[in-house]
Amino acid sequence: MKQSPKIWPALAAPGATWLLALFGIPFYAVACVAFGTIDPIFRDAVPQWNPLAWDFGQAREVLASVLSGPLQGVFLRTIVYVLAAMITSFAIGFPVAYFLARHAGKRKLLLLTLVIVPFWVNYLMRMLAWVNLLSPSGLFSRFMGVFGIHYNWLDGSPITVVLGLVYGYVPFLILPMYATLERLDWRLVEAARDLGATSRQAFRLVTIPMAQAGMAAAAILIALPMFGDYYTNDLLSRSPRTEMLGNQIDFYVNNSQQPQRGAVLVLMLSALLLVALSWYLRSTSRYAKERTK
Amino acid sequence: MTRRRFRVLPTIIWGYVIWSLVPVIIAVAYSFNDGRSRTVWQGFSLRWWIGDPNASVLHDASMRNAIFNSLILAFTTVVIVIPIGISLAVGAHRLRGRSAKAVQGLTSVPLITPEIVVGAALLLTFTRLFTGIPLGFPAQLLGNVTFSISAVVVIVRARLVSIGSGFEEAARDLGATRFQALRYVLMPMLWPSVMASLVVVFATVIDDFVITSFLSSGVDSETVPLRIYSSVKGGATPALNALATLLVLTSFTVLICGLFGLSLWRKRHGDNGGLRAALADVTQADA
Amino acid sequence: MLRRDFLRNLVITTGGLVVAPSLLSACGTSATSSGELVIGTPTNPTKLPANGEAIADGLAEEKGTLEILNWADYTNPEVIADFEKLFGVTIKTSIYDTEESAIAKLRNGTFKPDLIIGLTDTALARLSAAKLLQPINKSYIPHFTNLIGGLQSPYYDLDSQYTVAHVIYANGIAYRTDRIDSSVFTSGNGYDAMWDSAYKGKLAVLDSYRDTISLAMFQAGKNDVNTSDADVLSAAQENLIRLRNATNPKVDILSYQELPAGNRDIAFTWSGDILTALGYLPEGTPAESLGFWYPEQTITANDFLCIPKDSKAPVLAHKFIDYLLDTDVALKNQTYVGYQPALSTITVDTLLSSGAIPETLKDSLVTPEKYDSGQRLVSLSPDADALWLDAWAAFTAG
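Protein chains in written order, with this note's numbering: chain A, 1214 to 1506; chain B, 214 to 500; chain C, 15 to 412.
Only chain A is shown next, with the shape it has when bound in the complex (with noise of 0.2 Å):
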């Protein structure tokens, strides 16, 4: 006997319109404040509801400010700034979590929650911490200064930002990394050893082409939040030599008379979103296939 469920249509329905309305909706909100139009006095963004109205001029001009104009500066140091810390992420967050997976043996609980534990400590307890040390009064300062290294870390520098970031969203990268990791079946690594690969071999042709897909996974889920980052940045620099796209959005949303401008780069950022989306479904869709194997 087949009838048609109608239970479960109904109890999805709650939790779909929600998002609906205020996910979806606030996308769409989004466009129609981009495209739509500046009231002359204060320049304020009026939005334009009816798409057919959609007015594009200034989006163009936004995408030519970023294409070759001042915007170009903000949106390539971000890229710049976040690959940087996604691989720096990967380098300290991959052989942690391949430990954690195969060799913790006896000391695995306990690592497994200490590595754990920097998520339950919000994240800018983590950022005041650093600023604290980096401070010129600060410890690390002064353990610098011992070796002769005077540097104001929190001048507007670079490495502070990229450092900053990655220390916030490694934890993020250790977990998802270590949770493909452990699911692996480590018995075809074996099979590879036991026909004469070195281990190394079997790393390069067996381990990592396994965990790919949740390494693909692992790296988009840190990425795209780093791309809205602005908050790491303005605690532990103030200079516009490191301003990143999220600045720029926290800018003219919150604090300028012209959040269409600021509307326009959150379609932007969400349009990368879109590609990274694909992404990121293809590849744990593929994930989960080989999950349930």
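Cut-off 27 Å, straight-line C-alpha distance, at most; resulting in silico cross-link-like pairs (DSSO-like, lysine-lysine):
(1) B/K446 - C/K126
(2) C/K384 - C/K236
(3) A/K1321 - B/K480
(4) C/K323 - C/K126
(5) C/K126 - C/K99
(6) C/K61 - C/K145
(7) C/K214 - B/K446
(8) C/K126 - C/K61
(9) C/K77 - C/K99
(10) C/K126 - C/K77
(11) C/K323 - C/K152
(12) C/K323 - C/K61
(13) B/K314 - A/K1219
(14) C/K126 - C/K145
(15) C/K106 - B/K446
(16) C/K346 - B/K446
(17) C/K145 - C/K326
(18) C/K77 - C/K326
(19) C/K61 - C/K152
(20) C/K77 - C/K346
(21) B/K480 - A/K1319
To be clear, the hints were calculated from the coordinates, so they are not data collected in a lab.
Start from chain A and add chains B and C according to the hints.
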């Protein structure tokens, strides 16, 4: 050869743990500093916690206000988002075809959307479209619920996958309606997910910065992360360290209670996974 | 005697009669009405359009809370605590970092204060056009007569319908005397110090687009700080970018803490900041390590207090304004905030003799002559404002 890797990896992981945790431990330690400095140790004292009659966490009304706002926001979000999230996860799990894909997409997108995008979009929406909703606590609540629904769905869906449909089918074979199977068979088995969601959402919301900041309305709706952010830039005393420590302690307490609750539940239901399984339940959200 | 001269000079200036010709002719544009922006200037003072009625006389003050929107560290906490005790109310303060963000948040409903402290003329035209302010009922403010005569009816708001003057200040360069010698500013163009890469990483400018772009203009010898000339602005933009490349500046309003703490050596900031900084010197650092260069060509200004139209405690707000205009309270406030109250009862001499100001910083005080000879920042038309904001965006986007 394998032995060499053994030596390098433990160094890396212990090095990571130290690098990750020591700054925070130092920050907590300095909350007990006797002087005004957050960087130079001047002796041990409880003044920033309870002693100082103006600036300590206990006596500074604005700090108490921030803690209060954080707790209320987190609790209310949890109470609202868990029913919605569970309902969505259970319903979506059984959908088929195009609507399934649509709902799957709809719930996945918030997970990878940068918070600034959600925050900016919601701010523009609440100030120009849904203007009936005032900024401040109402807007912050709606924003945090929206952002947390996906986390609940992920946790619950993982559990649904591992439970499988066998139990419900057995119940239906024995004559239960779909609804009864749901209520009396599936729901009780979802308890670990409820507890895990509670812990995860509570911690996420209490630590939330971007969305809460974009939708705030001045000092009345200031939560602890907002307070930390605005104070770090200006001459803050170690009371700020104390406030942040308090926040961390709250999250940890909820986490530990949740883990114990989960372990107890598992033990009672014959599952011997213990603490490790409970941890897996909770960290499922991030996989 | 000094007071009379001060009063006379200010009345003359705001009356638009005899003015210091070489300077004010450059900065004065006629009162423009762009769309609905009513902008007053020193040569063309303006009466702001009506926006409803003031509250009635003789009402009792509200109970409960007074919410104030203010800059950070801009009112003495003791002054606030005293008011709370006096009236049995609670005061809550929300903070803003820049004028632009304050206006944006007032307009979109983020902030709903009962009283606003610290906005200036550059914000007023838009606040008035947005109908955000309520008229002031001076019957609640008997101390109004304490104000400097010229500021009782300022050019931007004749008859002080919506605003009550608060403090006066000027723009200049604050620095550490133990790191930088004062001769740096007196030999040649003092502004050049801000472009000196020797101070790289230890230098700051204000997070205020009108003030900092004006800095670039002054350095190049241009004095019209209300210009709408695109060429001048683009030259100023280039100049600021040169500054950014040479000195990697911080852009914020925290120099009043960072300079005494030793994290900065030099900062372009408001004159009151160097006096606030006195309170942030760590133990062992003497007050003489702070210095201030008051340029010959610079901006002088005052800020004001105003009450939003939908204030929930307007009577209390009026009473707070009156309270701040009381001489003793204003002096107590000054010891914490640093800025000079705009009261005729508190002159430069009063401040110097009270011992609150060290000799090394007496240059930072704004005397009547300095006040007259400085440039005033006025509100800009939307088109001119757009040019300024674009120049600022190019500078801050790095």
